[in-house]
Structure formats: C-alpha cells, structure tokens
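Participant: Residue strings, one per chain:
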Amino acid sequence: MQFISDNSDLLWSAWLTTLSLAVASGVCALVLGTVLAGMRVSPVPPLRGLATFYVEVFRNTPLTVVFFFLFFGLVYVDLQFPSRFTTAVAALSLYTASFVSEALRSGINAVPPGQAEAARALGLGFGQTLRTVVLPQAFRTVVPPLGNVWIALAKNTSIAAGFAVTDLTAALQRLANLNADQLLAVFAAVVLGYLVITLPSAWLIRVVENRVAIVR
Amino acid sequence: MSGPSVLFDLPGPGARRRQRIGTVVGSLVVLGLVALALWRLGTHGQLEPERWAILFDPATGVPQALWQGLLNTLAVAAVGMVLATVLGALLAMGRLSDHGWVRAPVGVVIEFFRAVPLLILILFCLLFLPTVGVPMTAFRALVLGLTLYNMAVLAEIFRAGILSVDRGQREAAFALGMRKTQVMTLVLLPQAVRRMLPVLVAQLVVLLKDSSLGFIVGYVELLRTARSLVEFFNFSYGNRYTFVLYVAAGLIYIVVNLLLSALARYVEARTRRNAKAAAAGEGELPADVQMGGGGGAVPVAR
Numbered sequence: 001m002q003f004i005s006d007n008s009d010l011l012w013s014a015w016l017t018t019l020s021l022a023v024a025s026g027v028c029a030l031v032l033g034t035v036l037a038g039m040r041v042s043p044v045p046p047l048r049g050l051a052t053f054y055v056e057v058f059r060n061t062p063l064t065v066v067f068f069f070l071f072f073g074l075v076y077v078d079l080q081f082p083s084r085f086t087t088a089v090a091a092l093s094l095y096t097a098s099f100v101s102e103a104l105r106s107g108i109n110a111v112p113p114g115q116a117e118a119a120r121a122l123g124l125g126f127g128q129t130l131r132t133v134v135l136p137q138a139f140r141t142v143v144p145p146l147g148n149v150w151i152a153l154a155k156n157t158s159i160a161a162g163f164a165v166t167d168l169t170a171a172l173q174r175l176a177n178l179n180a181d182q183l184l185a186v187f188a189a190v191v192l193g194y195l196v197i198t199l200p201s202a203w204l205i206r207v208v209e210n211r212v213a214i215v216r
Numbered sequence: 001m002s003g004p005s006v007l008f009d010l011p012g013p014g015a016r017r018r019q020r021i022g023t024v025v026g027s028l029v030v031l032g033l034v035a036l037a038l039w040r041l042g043t044h045g046q047l048e049p050e051r052w053a054i055l056f057d058p059a060t061g062v063p064q065a066l067w068q069g070l071l072n073t074l075a076v077a078a079v080g081m082v083l084a085t086v087l088g089a090l091l092a093m094g095r096l097s098d099h100g101w102v103r104a105p106v107g108v109v110i111e112f113f114r115a116v117p118l119l120i121l122i123l124f125c126l127l128f129l130p131t132v133g134v135p136m137t138a139f140r141a142l143v144l145g146l147t148l149y150n151m152a153v154l155a156e157i158f159r160a161g162i163l164s165v166d167r168g169q170r171e172a173a174f175a176l177g178m179r180k181t182q183v184m185t186l187v188l189l190p191q192a193v194r195r196m197l198p199v200l201v202a203q204l205v206v207l208l209k210d211s212s213l214g215f216i217v218g219y220v221e222l223l224r225t226a227r228s229l230v231e232f233f234n235f236s237y238g239n240r241y242t243f244v245l246y247v248a249a250g251l252i253y254i255v256v257n258l259l260l261s262a263l264a265r266y267v268e269a270r271t272r273r274n275a276k277a278a279a280a281g282e283g284e285l286p287a288d289v290q291m292g293g294g295g296g297a298v299p300v301a302r
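In order, the protein sequence lines correspond to chains A and B. The letter at position 38 of the first sequence is residue 38 when you use my numbering, and the numbering goes up by one with no holes. The letter at position 280 of the second sequence is residue 280 when you use my numbering, and the numbering goes up by one with no holes.
Note that these hints are calculated values from the structure, not bench results. There's no promise every hint is true.
Unchecked claim - Simulated DEER-style distance windows between Cβ atoms: (1) A:N210 x B:S164: 22 to 28 Å; (2) A:V23 x B:A59: 49 to 55 Å; (3) A:T86 x B:A35: 25 to 31 Å; (4) B:L38 x A:G114: 47 to 53 Å; (5) B:G42 x A:T86: 23 to 29 Å; (6) B:A59 x A:R131: 58 to 64 Å; (7) B:S164 x A:T86: 28 to 34 Å.
Keep in mind it's a predicted model, so treat the numbers as computed, not measured. Backbone N, C-alpha and C fix where the C-beta goes; we use that ideal spot for every residue, glycine too.
If we strip away everything but chain A, and leave its shape as in the complex, we get:
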C-alpha cells in the first residue's frame, strides 16, 4: 500500500490518459461509424462499396498493425499527427469505427420495414428517413452491442502503451521495472484502474438499455 501512495501521481495521470484516450476515440469512432453505417445502406452503390471495403479491411487488420502504420508508415506520405496521443486516438477510432458501423447496421436492419416505408410514403428523402426515423430507433436497439464495443475499446487502449503513450499499461511497465519486489501490487493497481472504467460502464449500459429499449 505504501508503494501505491508513493506513485499515486504517476498512476493518476496514467489513468487519466487511458480514460481520455478511450473517451476521445469513442466519440470519434461513434461519429465515423455512424457515417459509415449510413453509407452502407445508402442508395449510391459506390458509397456502399467504399464503406464495405473500409469495414472489411479494418475488421481484419490487427489493431497493433493499425497503430504501427499510423506511427511508422504515415511519415512516408509526409503526414504526421501533432502528438503521439492524437496518433493513438486516430488508430483506435479508425479501428473501432468499423465495429460501430457493423453494430449500427444490424440495428438499422432491426427497425421494422414499415417505419421506413411510412417515412417514404410521407415524402421523406433517404437522408431524412435515416436521420429522423430509422437511426433514432436503430440507436436504441444497439445500446448493448455499442456498449460492448465501448468496453472493448477501453481495454484496447492498453495497446497504445506499446507505442510510447504514457497510459496505464505504460505505467505498469515502468513501475514493474522499478518495483520488482512488489509486482503483484503493481498489477493489482493497474487492473483496478481498468475495472474502474469497465465495470461502471457495464452497469450504466444495462441501465440505459432498460430505459430506452423499445418493446415490440
């Protein structure tokens, strides 16, 4: 316990880094994933193809490889993110967006066809149908899968540690080197840091799910 209080500053800032990585990538992935899901059901074939291509590529690439390319590959096309943190956010968002898009698409498919047909009968265009009728219902049905994506994202942030972002896992590696005799305490502290994010999230998802679920 002594050692935890000694390193509380390091652990606290590392935990904040992990949390902000997760939140920033979560928001970006949600926006990008929603756009991709919209493209996948759109009336324009090239847009559908583009979104399908994106999702297939990113779903089948290990997250480590995505990180790798953004950190070491982008310089060859003269691009550079302003900081390691933003690069990590970009990698996590690009990867997670494909899963968000898949979850949302299943939600869109789960909305009864009558809803979209009624919207069209009222004269709404594709964008209006999607924005005002289908997506609001789709989001409600995909709360559990989206929540799971969020929890997986929170845990995937640990990979950023391999690319010199000072998150919880990086703190773990550093503390493990300094306190070889107290490894168990180090691991316990770091695992606790992740559980503090994931367990309340799981609980919150259940609450939200119960509140917004549509009974059909």
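Assemble chain B onto chain A, guided by the hints.
Facilitator: Chain B in isolation, oriented as in the chain A frame:
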C-alpha cells in the same frame, strides 16, 4: 443486401444522373488522393522496383524471414486456440454445473479474465510468473495470455451454445436413463459444437489478430520480424527498405485474416444449410468479442 431496400425509392432518371456525376467526381477525388500519396512516395523513391524486389529475392533472406514470422504467428495462434478451446469447454461445463461450489468460482474466473485487457494478462505472465519460479519465454507468455483470455470468451460461447440446444433433448436423454456426464458429452455437446462452429472459427480470426500483441512483448512474430529486418537493413542501407517491409507485413496479416474470415463465412453457410442447425439462427459473434484485445464485461447470454 438483397432486393430493393425499404430505406429509399428506386432512383429515377434525374437521381441516377446525379449519382453518376457524383460517382465520377468522387472517384476523381479518391484517385487524386491516391495519386498524391503515390507521388509523395515516389519523390521519396519508395516505389523503385528494386526496393520491392527484396521481398521476393531469396538471396536476401527476406522472404524466408517473413515466412518464418508468419509461421511463428500461426504457431502461437494454433497452440493458443487448442488450449483455449479445451479449457473453455471445461469452464463452460463448470459454469453449468449443478453444484454451487463449482459454479461460483468458475464464474468469477470467467468474468475476471474477460474484464482484464489482454496485454495486461500477457505482461503478467511475462513479468510476474518468473518471479514465482515459472520459467517463461515470450512465446509461453503470449500463448498463456491468449489462452487465459480466450478460454473465458470461449466458455461463454460454449455455454450459450449448450443452453441453445432444445430442452427436450436433455429431458429425453435423462428419460432414457443417461447420467449427467453422458447427457453432456453424448447429447448436448455434439449439437452445441455444431451450432457454435462458425463462432469458433471467427474466434480463431480474433486470436490470430491478437497474436500481433507479440510485437509489444518481444515475441518474433510477423510484425516483430518486419521490425528487426528493418533495423538490420537500416544498419547497411539507411531506411531504404523500411516502408517496403512494413507494407509487406501489414498486407500478409490482412490477407491471412481475410482468408480465415472467408472460411468462417463458408462454415456458417454450410451450417445454415443444415436444417437442424438452422434453428440456432444467429451465428454472429458479439462485436466486443470480434474486436479482440479485451472483450466486454457484459455477459454474452442471448
């Protein structure tokens, strides 16, 4: 997508023309961006054919090294998959046990390993286990970490599969006088495994993807191989071959995973055609499991 979508009317002549114009403009923009990227690469001399030739020239040792890296990746994934499947099946049976003193600890084990980031598990095996006298290599740590995490995920998949078998099967088996173990091994498991097959294959893709974490803990898998080749070549040629090698490693990953995903879809299609298994309905992995590297703390129960 089959048939006309309910989301939009069939485009009329005006809309089709707008779409065609949009497609042309959009393609031009995309092609322009690709051309710009290629041009930037070209000005750095990254596209010279002789740079890419090293990937296929056995004299440089590069193809052999990448092949060895791929084999190492597949070795970790294969060992991890077998161990995780066996342990996962045992855990699933433990979780469905009639005895509370078996069910409770097994449940805790499953929930714990699903809630901890995979990288932390691997680091735990690599850093902590040697201090208590377990000899550890990067390979073992990676396999152990992948096994611990995936056995918990697979246990939940198996459990869902066993529970999805029609209740009548179990009751009929008991009525025939079978014992608990017989009911499980002779009646429930064979049917559950059949239904869970597509999900199991999909999980192999996830496991293979996750084996790239070996890069971070220093196991010489594909990505780490590319990295050390780059360092080796940097010594004599500067960063002449860096980009080439990274692209090659990335492409190999994507191709192998796409092949495995195609296999998963094929197995799923076969199972779907089977009338008995068709009742199982969805064979889709929950998104959190597909994402790898962590999974969700929310149970997979359906």
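Participant: Each hint needs a verdict: does it hold in this structure or not?
Facilitator: Results of checking the hints against the structure:
1. A:N210 x B:S164: 22 to 28 Å: holds, 24 Å
2. A:V23 x B:A59: 49 to 55 Å: The hinted range 49 to 55 Å holds for A:V23 and B:A59, with Cβ atoms some 51 Å apart.
3. A:T86 x B:A35: 25 to 31 Å: Since A:T86 and B:A35 have Cβ atoms about 26 Å apart, the given range 25 to 31 Å holds.
4. B:L38 x A:G114: 47 to 53 Å: holds, 48 Å
5. B:G42 x A:T86: 23 to 29 Å: holds, 27 Å
6. B:A59 x A:R131: 58 to 64 Å: holds, 59 Å
7. B:S164 x A:T86: 28 to 34 Å: violated, 44 Å
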